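Colleague: In case you want the letters, here they are:
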Amino acid sequence: MQTRTRNTSVLIGSVLIGLVVLAALLSFFWTPHDPEKVNAAARLLGPTGDYVFGTDKFGRDVASQIMVGARTTLYVGVVAVGIAAVIGTPLGMFAGMSKRWLGEFVMRGNDLVLAFPALLLAIMFGAVYGASTLTAMIAIGIATVPSFARIARSGTLQVMSTEYVLAARSGGRSRFAIASRHVLPNISGLLIVQASVSFAIAVLAEAALSFLGFGTAPPTPSWGRMLQESQELLTVQPRLALVPGIAIAVAVLGFNLLGDGLRDRFDPRLAVGS
Amino acid sequence: MTLRVVRRLAILIASVFVASIVVFVFMAVLPGDPAQVALGVNATPELVAKTRADFGIDRPLVAQYADWMGGVLHGDFGRSYVTREAIGPQLIDRLGVTLWLVGAGMLVALVIALPLGTLAAVRHRKASGTAISGLSQIGVAIPAFIAAILLVQVFAVQWRWLPSGGWTPPNQDAGEWIRGLILPALSLGLVQGAVLTRYVRSSVLDTLGQDYLRTARSKGLRPYQALFRHGLRNAAVPVITVLGLQLATLLIGAVVVERVFVLPGLGSMLLDSVAARDLLSVQGIVLVLVVGVLLVNFVVDVLYTVLDPRLRGS
Amino acid sequence: MRRLHVTALALLLVVPGCSAGSSAIVSGDPNSLSVGFTAEPANFDFTGTDGTAIPQALLYNVYEGLVKLDENGKVVPLLASSWTVSPDRKTYDFQLQPGVKFSNGAPFTAEDVKFSLLRVKTDWKISIKSKMDVVERVDVVDPAHARVTLSKPSNNWLFDLTTRLGAMFSPTGVADLANTPIGTGPYVVAQRRRGDSIVLHENPGYWGKKPAYSTVYLKYIKDPTALNNALLSNGIDVISTITAPDSIPQFENDNRFNVVQGTTNSEVTLAFNDAKAPLNDVRVRQALTYAIDRKALLDTAWAGRGTLIGSMAPPTDPWYEDLSQVFPFDPARAKALLAEAGQTNLSLRLRIPNLPYSVSAAQVVASQLADIRVKVTIEPLDFPAVWLKQVFTDHDFDLSIIQHVEARDITTFGNAKYYWGYNNPKVKELLAQADSGSTEEQIVKMREVARTINADAAADWLFLFPNVIVAKTKVTGLSRNQVSESFDLTGLGRV
Numbered sequence: 001m002q003t004r005t006r007n008t009s010v011l012i013g014s015v016l017i018g019l020v021v022l023a024a025l026l027s028f029f030w031t032p033h034d035p036e037k038v039n040a041a042a043r044l045l046g047p048t049g050d051y052v053f054g055t056d057k058f059g060r061d062v063a064s065q066i067m068v069g070a071r072t073t074l075y076v077g078v079v080a081v082g083i084a085a086v087i088g089t090p091l092g093m094f095a096g097m098s099k100r101w102l103g104e105f106v107m108r109g110n111d112l113v114l115a116f117p118a119l120l121l122a123i124m125f126g127a128v129y130g131a132s133t134l135t136a137m138i139a140i141g142i143a144t145v146p147s148f149a150r151i152a153r154s155g156t157l158q159v160m161s162t163e164y165v166l167a168a169r170s171g172g173r174s175r176f177a178i179a180s181r182h183v184l185p186n187i188s189g190l191l192i193v194q195a196s197v198s199f200a201i202a203v204l205a206e207a208a209l210s211f212l213g214f215g216t217a218p219p220t221p222s223w224g225r226m227l228q229e230s231q232e233l234l235t236v237q238p239r240l241a242l243v244p245g246i247a248i249a250v251a252v253l254g255f256n257l258l259g260d261g262l263r264d265r266f267d268p269r270l271a272v273g274s
Numbered sequence: 001m002t003l004r005v006v007r008r009l010a011i012l013i014a015s016v017f018v019a020s021i022v023v024f025v026f027m028a029v030l031p032g033d034p035a036q037v038a039l040g041v042n043a044t045p046e047l048v049a050k051t052r053a054d055f056g057i058d059r060p061l062v063a064q065y066a067d068w069m070g071g072v073l074h075g076d077f078g079r080s081y082v083t084r085e086a087i088g089p090q091l092i093d094r095l096g097v098t099l100w101l102v103g104a105g106m107l108v109a110l111v112i113a114l115p116l117g118t119l120a121a122v123r124h125r126k127a128s129g130t131a132i133s134g135l136s137q138i139g140v141a142i143p144a145f146i147a148a149i150l151l152v153q154v155f156a157v158q159w160r161w162l163p164s165g166g167w168t169p170p171n172q173d174a175g176e177w178i179r180g181l182i183l184p185a186l187s188l189g190l191v192q193g194a195v196l197t198r199y200v201r202s203s204v205l206d207t208l209g210q211d212y213l214r215t216a217r218s219k220g221l222r223p224y225q226a227l228f229r230h231g232l233r234n235a236a237v238p239v240i241t242v243l244g245l246q247l248a249t250l251l252i253g254a255v256v257v258e259r260v261f262v263l264p265g266l267g268s269m270l271l272d273s274v275a276a277r278d279l280l281s282v283q284g285i286v287l288v289l290v291v292g293v294l295l296v297n298f299v300v301d302v303l304y305t306v307l308d309p310r311l312r313g314s
Numbered sequence: 001m002r003r004l005h006v007t008a009l010a011l012l013l014v015v016p017g018c019s020a021g022s023s024a025i026v027s028g029d030p031n032s033l034s035v036g037f038t039a040e041p042a043n044f045d046f047t048g049t050d051g052t053a054i055p056q057a058l059l060y061n062v063y064e065g066l067v068k069l070d071e072n073g074k075v076v077p078l079l080a081s082s083w084t085v086s087p088d089r090k091t092y093d094f095q096l097q098p099g100v101k102f103s104n105g106a107p108f109t110a111e112d113v114k115f116s117l118l119r120v121k122t123d124w125k126i127s128i129k130s131k132m133d134v135v136e137r138v139d140v141v142d143p144a145h146a147r148v149t150l151s152k153p154s155n156n157w158l159f160d161l162t163t164r165l166g167a168m169f170s171p172t173g174v175a176d177l178a179n180t181p182i183g184t185g186p187y188v189v190a191q192r193r194r195g196d197s198i199v200l201h202e203n204p205g206y207w208g209k210k211p212a213y214s215t216v217y218l219k220y221i222k223d224p225t226a227l228n229n230a231l232l233s234n235g236i237d238v239i240s241t242i243t244a245p246d247s248i249p250q251f252e253n254d255n256r257f258n259v260v261q262g263t264t265n266s267e268v269t270l271a272f273n274d275a276k277a278p279l280n281d282v283r284v285r286q287a288l289t290y291a292i293d294r295k296a297l298l299d300t301a302w303a304g305r306g307t308l309i310g311s312m313a314p315p316t317d318p319w320y321e322d323l324s325q326v327f328p329f330d331p332a333r334a335k336a337l338l339a340e341a342g343q344t345n346l347s348l349r350l351r352i353p354n355l356p357y358s359v360s361a362a363q364v365v366a367s368q369l370a371d372i373r374v375k376v377t378i379e380p381l382d383f384p385a386v387w388l389k390q391v392f393t394d395h396d397f398d399l400s401i402i403q404h405v406e407a408r409d410i411t412t413f414g415n416a417k418y419y420w421g422y423n424n425p426k427v428k429e430l431l432a433q434a435d436s437g438s439t440e441e442q443i444v445k446m447r448e449v450a451r452t453i454n455a456d457a458a459a460d461w462l463f464l465f466p467n468v469i470v471a472k473t474k475v476t477g478l479s480r481n482q483v484s485e486s487f488d489l490t491g492l493g494r495v
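Protein chains in written order, with the numbering used here: chain A, 1 to 274; chain B, 1 to 314; chain C, 1 to 495.
To be clear, the hints were calculated from the coordinates, so they are not data collected in a lab.
From a predicted model like this one, the values you see are computed outputs, not experimental measurements.
One thing to keep in mind: the hints can contain errors.
With a straight-line cut-off of 35 Å between C-alpha atoms, the simulated DSBU-like cross-links for lysine-lysine are [stated by the list, open to error]:
#1 B/Lys-50 to C/Lys-417
#2 C/Lys-417 to C/Lys-121
#3 C/Lys-125 to B/Lys-50
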């Protein structure tokens, strides 16, 4: 039963993410229409064969915008999670492998960063450097560093207390060697889980930021901004809000499910023992 | 244990200090001149320079920081460049609104999560347990602002049961106050409730698998009885940690929800102040938010120490 | 479990339509009125803080001037019951309304006229105060008679008196302008809840007609959709100006509401940086003007509401003429002009304030210019702070889109230092002649100015912002046009 749920989670999650990735990749080669092309004559059309999800108030094809918007979403997620992983993982490993007080110190600094949530950082960054996809990504990335550092540290602490690492240490292996040979491979599962969950959070944060006007600048399609632009038409054309809303939910759900499924698979107690 | 709490307190104070410097430096590099904004288009450079001097923003940064922090320690956040009003009382007013919102949101989340999460854990082998888990997954995937837009559309615009936004202070009209709080609290709470449900479920599941509960059950106690008599305290520890993290999320999530519901809380004050380059206000708001998060983390840490039997001895 | 499902389903199903259901929120007191606005005043001192929000709330309602502007753009008496102008058009004699008191009890006399008009030069901080530089002296002939002498004849001066610049203050009431405004108007500020509302109460000692509503709540709701929702859910009675145009039909189709549409002074302008290459070349500017289909832009960006104008003059100005067809939509011609100017590979930065109309219009402009192979990058900037600094003050832009809301702001084309950097001595001269000439001369010269800047494509006037007021049917007397700085509450009535 437990295994089946886990596999179902991974499966459904992968399918949902696959959909988003496919839409994004396909959009590089083909979209039904130019997503940025304004067409006064095709304003607010309902779904038809030509316009699968209809058009928005600028006469732009909603389906094409969703496809290109998937690119924005993935782009933000990849860069933000990338930043967080590249900074957070070594930081956490360092904290886990160094002297107790030093580790503590690093983690306190980590807690301090945690006090600046993504949204707050992004609003501040946007105010300084101008709101853009880039500032949003960096802000979300920095705000996600602490989660990676925490996971990496606790994983590292566990690995460091295993017998084979103790043996390697007494054998005179350098710290760097231990870190790269033993620690990193053993905590990579945990990190992948964290990446998946963080990705979901990044997608949500980007949507909220674009909604507030602190994210992706127009006319580049973004799901959050599509939602924001559709608000005044909610009563008349709810489809305009539902389509990007569902797209956001699909992406978030996908990454959360994948993360959940993988978490069971990479359970720390199992990972360390192997 | 006392030592641990004292150490935590020292860390808290140090963190607040560092955070205040970070916030200050950040604001100092913001483009846009508050004096220019106040004077509007076509103001002469002389007048701008004079206004900058009036605001005290022509002095060295260190002096500005010392002045600001010195004031903040006495509860004086300075006088806004834009509104020419003292910021402190304004902050307290707005914080009040945000705290009510966060509190109500948390309540909604708990009311959803505690029973559903426990149920999902106890029945995790049954269809209903799986269904709750699935629903909570979907709930997590819906951003608070989408929930907010939908709730307004249904309950305010279509059915006209509840106000679409706005704020009535509780001492002015308690009934209106509650009515105005319902939709924002639901928007915040539903999503957080879904998140929390998952943690409650896994925490209770863990506890159910512990030896002492198995023993209790083998003595003939039903799962709920065993859980309530022996397991709740253990299950509560991780939940409280998450709750703390969530409080921080709610505090920030309130920024968006306040926008949708036009609530005069800290979030809308932050966005307005950023747009108007009311730097002193932004500085004050960010500091309050950050210190708020740090405080919550501190309290969670202390609670953790008190509740966790393994840490209590040390 | 099942119940949860049903609720969720109901939520989704209900959204699309169905405006059934009873009204649970009943607007209470018939003597009170709630008006929704988007821009909140930072404080109550329009002598020290610029922007339209403060005069919108206070002018004509709390503060009054000697004269006011009616909804057709005509100057009519207010605190001055009448006035005469000397033959050399430099001396104005104002006869004052008797029995007028400030809300702090002080009587209003010619001394206050002198105090207020001279105070603009000495104590005001905002830049438009320079419009009063032309005042040479103010004399108190007797308590009910003030005489103003100008240094040169000026048609603009009397008009400017209808704005906040003409507001009458008492020497006893200027101690705390930012928080305690004291004027002669029908209302006094009773309460303010920052981030939410300002409450106005009837001024019991008001000299004129008693207002129809004794309490008026000015509600500030920044988000256009939230503003609509507030009216739809009975949270407010009036939306001062709709800024979500696609939502207008839902009010027109609902018999609870009245929709009034008129014009404003507010030209939504695509500004060119006339002083900087490549837009210092008139051919490039004309090419861009030909390339933009303003009708399509208005239809998509603002749901077809608004007026196509073609120059910097709204229909309520006496010298208005429709110049919107001088540069018809003609992409081929646009491309030819660009080729002629040697600009076939143009890339421009469109730096806009992050406001709904601007963000909407910018996307249409970018798409239409892409059709003539001009690459446009949209950069939304925080408004007002960053836009004012970078675009308006530092002139760091190629294109921008903003509403020019001030009345008769066509005069800015006479100022070469203004952010669009338009420098044409002929226009400067025409403007000076218009200001000092007779009323007839003024009209002729101003028309000439409007034609010249249009022909030069000094900017592209995309459309004139519409004034769309939505109100519950119980509210009467809404003015169709919004041409003054004030949201004038005095004309309102009730069924």
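Colleague: None of the hints should be skipped; say for each whether it holds.
Modeller: The hints, checked one at a time:
1. The suggested pairing of B/Lys-50 with C/Lys-417 holds, with an alpha-carbon distance near 22 Å, which does not exceed 35 Å.
2. Taken as a hint, the C/Lys-417 and C/Lys-121 pair is honoured in the structure, with Cα atoms around 22 Å apart against an allowance of 35 Å.
3. Between the alpha carbons of C/Lys-125 and B/Lys-50 the distance comes to roughly 11 Å, so the proposed pair stays at or under 35 Å and holds.
No hint from the list above goes unmet by this structure.
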